[in-house]
Amino acid sequence: MTMKTSNYISISYLVFLFGGIFVLFIGAKIHSLNEPAVIWTWQEKAISPFSVVVAEPGADFSVQYDQNSKIGLSFQKGDSCIYPPVEIRHDTLFVHPYDGKVKQQSVIVFGSGIKTVQGKENSTIELKRFGGDTLVVKLNKAVFKHFPDNNQHNKFSLIIHAAESNIQLGSASIQSMELHLSKTEMTGRGTSVSNLTGILNDHSTLSIGHMKKINLDTDSTSTYQFYKSTEVHLN
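Sequence positions in the sequence shown follow the working numbering and run 39 to 273.
Hints listed in this document are in silico derivations from the structure and should not be mistaken for laboratory results. Ideal Cβ placement from N, Cα and C applies to all residues, glycine included. There's no promise every hint is true.
[Unchecked claim] Derived DMTMM-like pairs: lysine to aspartate or glutamate, alpha-carbon spacing no greater than 25 Å straight-line:
{"no.": "1", "residue 1": "Lys166", "residue 2": "Asp255"}
{"no.": "2", "residue 1": "Lys183", "residue 2": "Asp171"}
{"no.": "3", "residue 1": "Lys179", "residue 2": "Glu94"}
{"no.": "4", "residue 1": "Lys83", "residue 2": "Glu125"}
{"no.": "5", "residue 1": "Lys108", "residue 2": "Glu223"}
{"no.": "6", "residue 1": "Lys176", "residue 2": "Asp117"}
{"no.": "7", "residue 1": "Lys108", "residue 2": "Asp98"}
{"no.": "8", "residue 1": "Lys193", "residue 2": "Glu94"}
[What the hints assert, rightly or not] Cβ pair distances, simulated, as ranges:
{"no.": "9", "residue 1": "His128", "residue 2": "Thr243", "range": "21 to 27 Å"}
{"no.": "10", "residue 1": "Ile77", "residue 2": "Lys251", "range": "44 to 50 Å"}
{"no.": "11", "residue 1": "His241", "residue 2": "Pro95", "range": "32 to 38 Å"}
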C-alpha cells in the first residue's frame, strides 16, 4: 500500500467518523424538539395551624412561610394529585413519606408560626422562606437545605442540633447561628452570618462564608473552613 493510498483511507475514515457523530447530534436535536413540553400544575389544601414540623423517616418536602397553613403539590399534568400522609397532633405536623408504589410529588408545607423542624432518618427538608425570628432545626441522619428565594427579606436566627446529617445552605443571610453538630457535614460558602457559636464533635465538618463574629468549640476530629471573618474565637 502506497503512502498516498494510506492517506486516502485515513481521510475517508475520519470523514465517516465525524459524519456519523454529526448525524447523531442532529438526530438528538430533532428528537428533543419534537418532545412534548412538560406542563406542571399546582394544587393545595388547607390544614390546621401548627408550629412544629416533623419529617418522618424517608419523607421529602419543602417548608415555606405563608399566612395560611396548607400543603401544596406541584405535579405533571396527567399525573394523579396524591398528598403524602400527614397528621397534626398537639400543634405538631407529622409528614410521612409516600408509599413505595406512589410517585414522589413536589410537596411544600406552608405556615406562619413555624418554630421547629425535625428531620428523622433518611428524610429531607428544604427551607424555602422563613418569616419568624428563630428556627430550631433537629436532625438525625437527615438532610436539611436552605436556599432562600427572592422574597426572603428578613434576617433570622438558626439553632441546629444535628447527628450524622447533612446541612446545605445557599446565599442566605443569617442573624445568628448556634450549632451542635456530631458526625455532620455542613456547607454554606455563600452564607453570611453575623454571629456564629456552637460545638463541632465527632468528625463534623463546617465550611461557611462571611462571618462577623465567631465563637466555636471543636474537638480534634472535626474541621472547619471560613472564607471571610472579622472576629474569631476558636477553642
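Evaluation of the provided hints:
1. Lys166 with Asp255: violated, 29 Å
2. Lys183 with Asp171: Holds, because 18 Å separates the two Cα atoms, which is no more than 25 Å.
3. Lys179 with Glu94: holds, 11 Å
4. Lys83 with Glu125: Cα-Cα ~13 Å, so holds.
5. Lys108 with Glu223: Given pair Lys108, Glu223 is violated - Cα atoms ~31 Å apart, limit 25 Å.
6. Lys176 with Asp117: violated, 33 Å
7. Lys108 with Asp98: Given pair Lys108, Asp98 holds - Cα atoms ~16 Å apart, limit 25 Å.
8. Lys193 with Glu94: violated, 28 Å
9. His128 with Thr243: 21 to 27 Å: Violated, at about 36 Å.
10. Ile77 with Lys251: 44 to 50 Å: holds, 49 Å
11. His241 with Pro95: 32 to 38 Å: Cβ of His241 to Cβ of Pro95: about 23 Å, so the range 32 to 38 Å is violated.
In this structure, the hints that do not hold are numbers 1, 5, 6, 8, 9 and 11, in rising order.
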